[in-house]
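Engineer: Now for the letters of each chain:
2 protein chains.
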Amino acid sequence: MRDLGDLSRCAINTATLGFQAPVAKVIEAIARAGFGGIAPWRREVEGQDVGKIAKLIRDAGLKVTGYCRSTYIPAATRQGFLANVEANFRAIDDAATLGADSFVMVVGGLPEGSKDMAAARAQVAEATAQLLDHGRKVGVRIALEPLHPVYAADRSCLSLLSEALDLCAAIEGVSADPWLGACIDVYHVWWDPNLKRDITRAGAAHRIFGFHVCDWLVPTSDVLNDRGMMGDGVIDIPGIRQQIEAAGYAGMVEVEIFSAATWWKKPIRETLDMCAKRLISAT
Amino acid sequence: MRDLGDLSRCAINTATLGFQAPVAKVIEAIARAGFGGIAPWRREVEGQDVGKIAKLIRDAGLKVTGYCRSTYIPAATRQGFLANVEANFRAIDDAATLGADSFVMVVGGLPEGSKDMAAARAQVAEATAQLLDHGRKVGVRIALEPLHPVYAADRSCLSLLSEALDLCAAIEGVSADPWLGACIDVYHVWWDPNLKRDITRAGAAHRIFGFHVCDWLVPTSDVLNDRGMMGDGVIDIPGIRQQIEAAGYAGMVEVEIFSAATWWKKPIRETLDMCAKRLISAT
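Just so you know, the protein sequences line up as chains X and E, in that order. The first sequence maps to residues 103 to 385 in my numbering. The second sequence maps to residues 103 to 385 in my numbering.
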């Protein structure tokens, strides 16, 4: 496996730091701690001078891994669906300005009042094709992030890595240099009995666009915001990283921890220090 | 689809009633409400005169669908594993005394301190083969219940219906009258993009041994004990029942709702009345 020791191959997803500080301070703290990359969120970027934020990131010596994240796609009305696609076009434009390696898609779950997963998935497929077209135009790759099935109802009707890869193949076909791929977060896929098979498949198709790490705590008090620091839970993170890298992934290892009760309450520097430590000892 | 109106094809899993009353009273209440079946739990049965409970159930005119549930299999030591298997042998004996249609296996997650899902799954496969042998001897079918991936760490390293069917095929091979099958609970599998395919496969293999209903609430306050009454959540339960019955399932529709904050606080009769109503209108 690659040596993560100098942190140049490691990125911090800003959600890990709990959005406690303005983005300029967050960029500075991540760079000062030695990390090589950052994944900012739209709440930190939209409505501001995106070019200026991009320059701050570049000047700090950081690369942008993924830009987080898509507006949920499925809607109860055609008008709602089109508005969601349009919002994502604008976010992809910002991703281009930021120089993001990919735009991260969390696709959304069932629209209000619906129980029709097939219909939600059909909307996601239709939108993804359009977002891919737009991404090619402006130079941004699209990364589908399958989310843990616990979020199927309200956050992502896309649950399995195999499902993401099927969608990529259906939309883009075989490509030596695809613009549509998957973002693999250990939290969402660690339990999947087909994970190793699907990582190999994703790598062979050159579709691993991102790799996120955190840990699954036992017990988990809140499935959204009680994710753990690497090493504090039950996920065999080194084992999964080994598979990801054996499959050809050469991108960054990104820390993304939603932790309302623990890490979001700590000073940013303390969290960054622990991320650095655990990237070396437990990732 | 079959008409559930007279409730003779419907069963109540006693967990739905929150274990508020002694089993004799629960049996009586379920029978009086008109249901055709009951699924008791070991906590209501073990340490008592099992033959007497079996007679109470028979005399009430109820069938026993599944006997819930297995001691978790994976253990940190060989001794622990063997003890877990042995505990399940005794539970299967009780299932035979009760005349249960199947013994329901919730297989368990990672042993304390382990991050090795493959090892946990190997223990489950080894134990299941032994429990199947024992079940055949005493006349009890073994029903593997895949649990929602949110429970992968601490309750079930068996998550997907396809995984359960693979395990059945590996252990028992093809059979016109299998003793090893799957129990399908909508709560655990509703999100699975391959659900329809796998239900068809399960039916073709004659391996649908049980069918549980409840609903997935949005939001869910507690993934273990905040399950919903049919119709109160987002699962397309009639759609899944239609697939299950089209696949050849002719057994009972069993209501199993873990609901600490809502249904477990209501009088048993009120819960049973609502189950009856929603089996007709929302199942």
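If you're looking for bench data, these hints aren't it; they were derived computationally from the structure. Since this is a predicted model, take the numbers as computed values, not measurements. It is possible that part of the hints are untrue.
Since the list gives no way to pick one copy over another, a pair counts as held whenever it fits inside one copy or between any two copies.
Unchecked claim - With a cut-off of at most 30 Å between alpha-carbon atoms, the simulated DSSO-like pairs for lysine-lysine come out as follows: (1) Lys379 to Lys217; (2) Lys154 to Lys298; (3) Lys367 to Lys217.
Engineer: Does each hint fit the structure? Answer for all of them.
Structural biologist: Evaluated hints:
| no. | hint | result |
| --- | --- | --- |
| 1 | Lys379 to Lys217 | between (44 Å within a copy, 20 Å between copies) |
| 2 | Lys154 to Lys298 | neither (41 Å within a copy, 50 Å between copies) |
| 3 | Lys367 to Lys217 | between (37 Å within a copy, 27 Å between copies) |
Of the hints listed earlier, the one the structure fails to meet is number 2.
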